[in-house]
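Protein chains: 2
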Amino acid sequence: MSEIPYKIYLSENEIPSAWYNVRADMKTKPAPLLNPGTGEPLKAEDLYPIFCEELSKQEMNNDDKWIDIPGEVLDFYKMYRPSPLVRAYCLEKALGTPAHIYYKFEGNNTSGSHKLNSAIAQAYYAKKQGLKGVTTETGAGQWGTALSMATAYFGLDCQVYMVKVSYEQKPFRREVMRTYGAKVTPSPSMTTNVGRKINEQFPGTDGSLGCAISEAVEAATSQEGYRYVLGSVLNQVLLHQSVIGLETKAALDKVGVKADMIIGCAGGGSNLGGLISPFVGEMLRGENQYEIIAVEPASCPSFTRGSYVYDFCDTGRVCPLAKMYTLGSNFMPAPNHAGGLRYHGMSTILSQLYDDGYMKARSVKQTDVFAAAEQFARVEGILPAPESSHAIKVAIDEALKCKETGEAKNIVFGLTGTGYFDLVAYQKYNDGVMDDYIPTDDDIAASLAQCPKLG
Amino acid sequence: MSEIPYKIYLSENEIPSAWYNVRADMKTKPAPLLNPGTGEPLKAEDLYPIFCEELSKQEMNNDDKWIDIPGEVLDFYKMYRPSPLVRAYCLEKALGTPAHIYYKFEGNNTSGSHKLNSAIAQAYYAKKQGLKGVTTETGAGQWGTALSMATAYFGLDCQVYMVKVSYEQKPFRREVMRTYGAKVTPSPSMTTNVGRKINEQFPGTDGSLGCAISEAVEAATSQEGYRYVLGSVLNQVLLHQSVIGLETKAALDKVGVKADMIIGCAGGGSNLGGLISPFVGEMLRGENQYEIIAVEPASCPSFTRGSYVYDFCDTGRVCPLAKMYTLGSNFMPAPNHAGGLRYHGMSTILSQLYDDGYMKARSVKQTDVFAAAEQFARVEGILPAPESSHAIKVAIDEALKCKETGEAKNIVFGLTGTGYFDLVAYQKYNDGVMDDYIPTDDDIAASLAQCPKLG
Chain A
8 MSEIPYKIYL
18 SENEIPSAWY
28 NVRADMKTKP
38 APLLNPGTGE
48 PLKAEDLYPI
58 FCEELSKQEM
68 NNDDKWIDIP
78 GEVLDFYKMY
88 RPSPLVRAYC
98 LEKALGTPAH
108 IYYKFEGNNT
118 SGSHKLNSAI
128 AQAYYAKKQG
138 LKGVTTETGA
148 GQWGTALSMA
158 TAYFGLDCQV
168 YMVKVSYEQK
178 PFRREVMRTY
188 GAKVTPSPSM
198 TTNVGRKINE
208 QFPGTDGSLG
218 CAISEAVEAA
228 TSQEGYRYVL
238 GSVLNQVLLH
248 QSVIGLETKA
258 ALDKVGVKAD
268 MIIGCAGGGS
278 NLGGLISPFV
288 GEMLRGENQY
298 EIIAVEPASC
308 PSFTRGSYVY
318 DFCDTGRVCP
328 LAKMYTLGSN
338 FMPAPNHAGG
348 LRYHGMSTIL
358 SQLYDDGYMK
368 ARSVKQTDVF
378 AAAEQFARVE
388 GILPAPESSH
398 AIKVAIDEAL
408 KCKETGEAKN
418 IVFGLTGTGY
428 FDLVAYQKYN
438 DGVMDDYIPT
448 DDDIAASLAQ
458 CPKLG
Chain B
8 MSEIPYKIYL
18 SENEIPSAWY
28 NVRADMKTKP
38 APLLNPGTGE
48 PLKAEDLYPI
58 FCEELSKQEM
68 NNDDKWIDIP
78 GEVLDFYKMY
88 RPSPLVRAYC
98 LEKALGTPAH
108 IYYKFEGNNT
118 SGSHKLNSAI
128 AQAYYAKKQG
138 LKGVTTETGA
148 GQWGTALSMA
158 TAYFGLDCQV
168 YMVKVSYEQK
178 PFRREVMRTY
188 GAKVTPSPSM
198 TTNVGRKINE
208 QFPGTDGSLG
218 CAISEAVEAA
228 TSQEGYRYVL
238 GSVLNQVLLH
248 QSVIGLETKA
258 ALDKVGVKAD
268 MIIGCAGGGS
278 NLGGLISPFV
288 GEMLRGENQY
298 EIIAVEPASC
308 PSFTRGSYVY
318 DFCDTGRVCP
328 LAKMYTLGSN
338 FMPAPNHAGG
348 LRYHGMSTIL
358 SQLYDDGYMK
368 ARSVKQTDVF
378 AAAEQFARVE
388 GILPAPESSH
398 AIKVAIDEAL
408 KCKETGEAKN
418 IVFGLTGTGY
428 FDLVAYQKYN
438 DGVMDDYIPT
448 DDDIAASLAQ
458 CPKLG
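Sequence order for the protein chains is A and B.
8 is the number of the first residue of the first sequence in this note's numbering; add one for each residue after it.
8 is the number of the first residue of the second sequence in this note's numbering; add one for each residue after it.
Read the hints as simulated data drawn from the structure, not as lab findings.
You can trust all of the hints, since none of them are fake.
Chain copies aren't distinguished; within one or between two, either way the pair holds.
Here are the simulated PhoX-like cross-link-like pairs (lysine-lysine), alpha carbons at most 25 Å apart as the crow flies:
1. Lys190 / Lys435
2. Lys34 / Lys64
3. Lys14 / Lys85
4. Lys100 / Lys85
5. Lys72 / Lys36
6. Lys85 / Lys261
Take these sequences, add in the hints, and give me the full structure.
So this is what it looks like as structure tokens:
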């Protein structure tokens, strides 16, 4: 094994030329989106007022296994991809584990995360449709930054509703987005009907992804030549993010390594869904077995404490209904610093896979996550994003289990991004004033009770 | 040329196994350091109270052309090296230039810059000598962050004196350093004799690298088991940074490209000296010709408006005398945001090469630099550090000249780091409230008049 380099790079012509659509291999397809008014399943064209047409089709496409990556998107990918698959030799040594740890590092671009993989695709289709611009929400700010970069590249206008708690904790994110020409508004704002309503209902709220989505959708549908784009949860996003998993698989194959365990953080599911898709594909086709673990914050535990029911995707209830693991669209996550994981629901694809037993889930406390982040940073030289550090925490736990059992498991995790804009959170941790917020059973039950009642 | 990829990567076994010491090829060696008391040239052992022994020897070594990179340093290099040489296809297209632009990108590590290349070497030698810890200064914070990462890796204590203006403009840098276990003090501080003296002499000063160096040296020499380390200016640092130029040369050779022009920003000279060393070596040996351009801020123009004389390396005048292009050790640069370029002097190696006609120098205004940075960020996807953006500005200028003349020059520049911690400066630029500070001739003459008088 000593021949495996620290960083396993693919060459640019090994970047996948098509995205992999895991839905094509799923026996039980993810449940369809429903019209919130009629309860009827939506067709692609029902989404055209909200999403670009091509993206609406991708959203509904359960059949095509491969979807070609457009040339202009591939050209952009070449600026920052392929991303390295890193063998964590230094972490292994520090832990004294016989496990072999690998991480797919998506942080080597200015958005600081994997979000750019889907942002550039969505901006491309918006441009191709002749739109003026797009609106979106952002939590930690990674998606908003990624989208700003993508729209700057294609010359589109970009309006970002940023979850208020992140807007305040990450003032510099706003400046990056401005540098790329985007307009950023803290959410809930007073500029939309839904924002004003949420502010009335929850005075002084820190906001949530669910609120910000509602505002961005309203902004898109009330302006000529605009559509809404979303950085997670959607099937189209998981499709674009399959590039992560495809590269990971290709890099492992290149060095002759079979993963035993694949670990990713899960907020809406974009990173995890992308990372695991080709591996899950092999499981679905009965070709291989992997242990897959979704890691979520204890403060927003959709998989581990939510219900698998139809729910609204947004707090303002303007979006379609999706069947997913959810805490209820009214669930207001505590101000956990992993802003990107503060979503009440979960990708319908991942929800179905989880329900079918193809993956496990674990929830972890924030302070434990930062301890793992700091340990990782000191030996591996990368300051991880809080979101990504959820995966690090469980990867370290599993590597330490291997130390007990003596197993040399191949553990692969997704290091989705860097924590350069999360220093307020690191400062709280360094100062010993970081809290762990865990919702009570009553909190979750009350929120779930408001899910729509469907047959 | 269409076969040249966007990113030219070397494999890990193509990382150089030895640093290149350009002094061995220089006919006129850089002038020796002098004892400030006696005016006599220093020997390596005279530096032992300040620097590690091995580093003191490297500082004085004008003879050995190659110095082996220790295995433990090479292992660390493998975590973030080789760094990519990027073909700036998107920038070329945006400029409409026939020039081919390449940049060596050193920002893909948590310190955000090339500084880590020397930090890990210096920490290694300190550890090998059995020291407890090291002290240093930092301007923009890149060097301090790099050193914190390196000392965390080797388990050494780290005390950083950070130039006050950067400490205030970059609060998050401090948290990164703390996360890696370093102690950070704004300079000039009241914790050292020299700091108190500078504060008295210049009440309310923003500080400078020169001041911070004085404080860090005092802290090192007044504590048992500590030595001082420096991130630029020194011969040893340029030696370690030769890894940048060696990789750049190897990558260009790999794709069969001969550079016509090599451009780097110059503060103390660490990046520029490292980038150009193997190219200058070819010039010194009469094997090849290159046009080499050092770019400095108009606010701190050591090369373009300074004198080539013996001067103190630090404001507090506790360090040896070096013959270099200098504005005088009392020169207080205006609060330019490129903190890493606010040094009154320049590497003695680069000073000699400049004096011998092997390179040119150009000074550029801050607002022009940020305009170039923003243009670059929008098309190349990387938000550059203000320091690095000085090189971008001149690379763009030169590419536009090629557009006039129709020449397809190969322009190579050093992109030393990312601007993720420079968002206060970007905000000023975005808000249109950034100033250009240019010292008057009288300012410079007054400061130069205080240089020591030597035969």
